[in-house]
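Two chains, each in its own frame: build the complex with the hints.
Below, each chain spelled out in residue letters.
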Amino acid sequence: MKTKYFLLGTIVAAGLGLSASAMFSWQGHQTAEQAEGKIACETDMPRSAAVWKEVYSTPDQLIAGVDAIVLAEAFNITPSRIARSEGSSDEVPFELVAFRVNNPAKGAKGEELIYVERAGGMDSKGREVNIDIDGGRFEIGKSYLLFLKKQEEGPYFYQINDQGRYDVVGDELKAVGKIENDKVKEFFENKTAGEGLRTVEEKIRFNLDGK
Amino acid sequence: MKLRHVLSIWIAVFGIAVFLGTPLGSWASHRWGCWKYADATINWNNGGTGDYFNIYNEEAKTDSNAWSPYTDIFLSPSGSGTTDHANAYNGFYGSTGWLGLAELRSVSGCTVRNGRARLNQSYLDSGSYTRTNKKHVACQEVGHLFGLEHNRGETNTCMNDTILTAPQPNAHDRSLINSIY
Chain D
278 MKTKYFLLGT
288 IVAAGLGLSA
298 SAMFSWQGHQ
308 TAEQAEGKIA
318 CETDMPRSAA
328 VWKEVYSTPD
338 QLIAGVDAIV
348 LAEAFNITPS
358 RIARSEGSSD
368 EVPFELVAFR
378 VNNPAKGAKG
388 EELIYVERAG
398 GMDSKGREVN
408 IDIDGGRFEI
418 GKSYLLFLKK
428 QEEGPYFYQI
438 NDQGRYDVVG
448 DELKAVGKIE
458 NDKVKEFFEN
468 KTAGEGLRTV
478 EEKIRFNLDG
488 K
Chain Z
3 MKLRHVLSIW
13 IAVFGIAVFL
23 GTPLGSWASH
33 RWGCWKYADA
43 TINWNNGGTG
53 DYFNIYNEEA
63 KTDSNAWSPY
73 TDIFLSPSGS
83 GTTDHANAYN
93 GFYGSTGWLG
103 LAELRSVSGC
113 TVRNGRARLN
123 QSYLDSGSYT
133 RTNKKHVACQ
143 EVGHLFGLEH
153 NRGETNTCMN
163 DTILTAPQPN
173 AHDRSLINSI
183 Y
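Which chain is which? The protein sequence lines are D and Z, in order. Taking the numbering used here, the leading residue of the first sequence gets 278, the next gets one more, and so forth. Taking the numbering used here, the leading residue of the second sequence gets 3, the next gets one more, and so forth.
Do not take every clue at face value.
The calculated SDA-like cross-link candidates involving lysine to any residue, where the alpha carbons are at most 25 Å apart (straight line), are [claimed, not checked]:
{"no.": "1", "chain 1": "D", "residue 1": "LYS426", "chain 2": "Z", "residue 2": "LYS63"}
{"no.": "2", "chain 1": "D", "residue 1": "LYS281", "chain 2": "Z", "residue 2": "HIS7"}
{"no.": "3", "chain 1": "D", "residue 1": "LYS460", "chain 2": "Z", "residue 2": "ARG154"}
{"no.": "4", "chain 1": "D", "residue 1": "LYS427", "chain 2": "Z", "residue 2": "ASP127"}
{"no.": "5", "chain 1": "Z", "residue 1": "LYS63", "chain 2": "D", "residue 2": "SER365"}
{"no.": "6", "chain 1": "D", "residue 1": "LYS402", "chain 2": "Z", "residue 2": "ARG154"}
{"no.": "7", "chain 1": "D", "residue 1": "LYS426", "chain 2": "Z", "residue 2": "SER124"}
{"no.": "8", "chain 1": "D", "residue 1": "LYS402", "chain 2": "Z", "residue 2": "SER80"}
Examples of chain D residues lying across from chain Z (beta carbon under 10 Å, computed) [unchecked claim]:
{"no.": "9", "residue": "THR287"}
{"no.": "10", "residue": "SER365"}
{"no.": "11", "residue": "ALA396"}
{"no.": "12", "residue": "THR469"}
Hints listed in this document are in silico derivations from the structure and should not be mistaken for laboratory results. None of these values were measured; they are calculated from a predicted model. Even for Gly, the Cβ is constructed at its ideal location relative to N, Cα and C.
Just chain Z, with the same shape it has in the complex (with noise of 0.2 Å):
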């Protein structure tokens, strides 16, 4: 074969490669910092009353596509801690803007010690919000603490935060958490 052929083929796959290779980057997005958990075995406290209880519970534990069966991650049942651990509470916390808020308390370098989600009952209760809204709301903290970003891109995941009715992680987000534990 003629070098001037081998080379236009090779500079062919090159072009192919990168054009196929755009999804393998998107790994790399919808990071938020470099926060981690140390490792994917987290202390998860349930922290969260009433129904609350159970959407925390089925957001990261139960729901088929939840964060702890759907990815790499093992939620360990736990009490409150500060040591690798996520803990997650609702409250009326008041006019303060957000409906969900994700806290990473304690860190040392880029590894979580101790993260909080909260939801804002002084919102979610007012009757505005459906449960699936609620849903979504846990889904995003829980997966700010993993180390998630938003993602308005896809309307089919969690982390969008100008849409509320899409409560799980979606494949994105799961191969981006088994990339990074």
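Bound-form chain D, shown alone (with noise of 0.2 Å):
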């Protein structure tokens, strides 16, 4: 063979060697939905990212560092308090949302009704503010399995990070977290709401007995 087709095959072979890693890395940076094609299009992705006050590295740390685990059901959402920037003209809405408690796991025992407060809804201006960090808004009627902390200086309770919501579709558990790789959702996502709760409750009588 001659030198320059030598050399001519040897340099496209390196070039497909670069596309195709570049190609599988894209691939795998996809989330689970979009591979599945349940992301129909990148604009439908969360508009808001966060840096959450706690963030767990596994299921037990979740279950030990919130105040109530509930599964319940949403039945109302009225608008809450509009926080200010400092020095801005700049809001944050926020909204309350009712739920009816259908079972409690840890904390919210013998309540019926419990109200979580997340930033999201009408400015003062009544211009809606999506905030979708912790799954986005709630919608009337459906259940959800919610990790929560009781405010500092409010009476309401607040989802504890995006790792704390989990929308019953059909029985399943779905994530709400979009990083990939991360234990705590991957721990609860797609067991049934009742396997969900049930995995819950061992550990925490596991908790207690261990003390």
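Next up, the structure:
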């Protein structure tokens, strides 16, 4: 074979190799939902992101770190407070979501209703502010497995982070967090609501017995 | 040279290229959806107050590895606005669960028109957080606005949301930003 053809072939092989590696990496970074075609368009992706105060490495840490764990159904959403940024007209509206507690696994024992405050809703000018880092707006009539903390300065609960909400779809838990390889999210994802709740109760019982 | 030897060499070259090319693929990682500003020149409204003004300024423009000089992004000082604006704020937002929040207030397709970064003083001023921690959060929220997602794989970048001790973008963030804009 002539040298020039050999060199040309070598360059082509190198180019194909580089292209293949870039392609594999790109595919590897799609979310599971994208790979399954559930997200049709990238603009459907969340439009907010956060540094959470608490991020947990294991389900046990999450369970120990929250004040309440409930399987509950959203039944009412009302506007709550509007927080203003210092020295500016920037606003963060909040809404209050009322939940009917179906099964309390931790805290909220004996409570029929709990209230969760979350960022989002209408600002003072009536414009919708869509903050979806926590999974977005709750839907009235739908059930959720929630991991909640009591507000320090208020009477309500708040969702601990994006590891702390699982939408019940069919009878399965669907995580709202988008971070890949999140062990907490993966632990609850696709369990039935009953299984998820039972697992939480077992872990709480095990920890109590351990103490 | 025999064809068999030539093919072996080409296969070897292909394999080596795949191995060495993996870092190229990482350019595609840690992107936040498809979000980006229209171009690398972005109107920058530092609406921070007190030391938060300084923190935003340092992370965005004046630290040697701040977003603006360290990457291809150029932040043009501006007042508040809704077109091609990155706005930065702080406030006492209460028990929300988040130390910092990045919000794309207005987008057109994949193009960000109005992004807002916020630092939650209800937590950050509680005495539990150092100035470095606050800078880390500010750096990350601003990085989100430019189109970057969390990166839990590296500990030397502010885009890691499980630590608060790396208040700067790293070389990977820089490459990624420069490939986006």
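What are the numbers of the hints the structure violates, in ascending order? Those not satisfied are hints 1, 6, 12.
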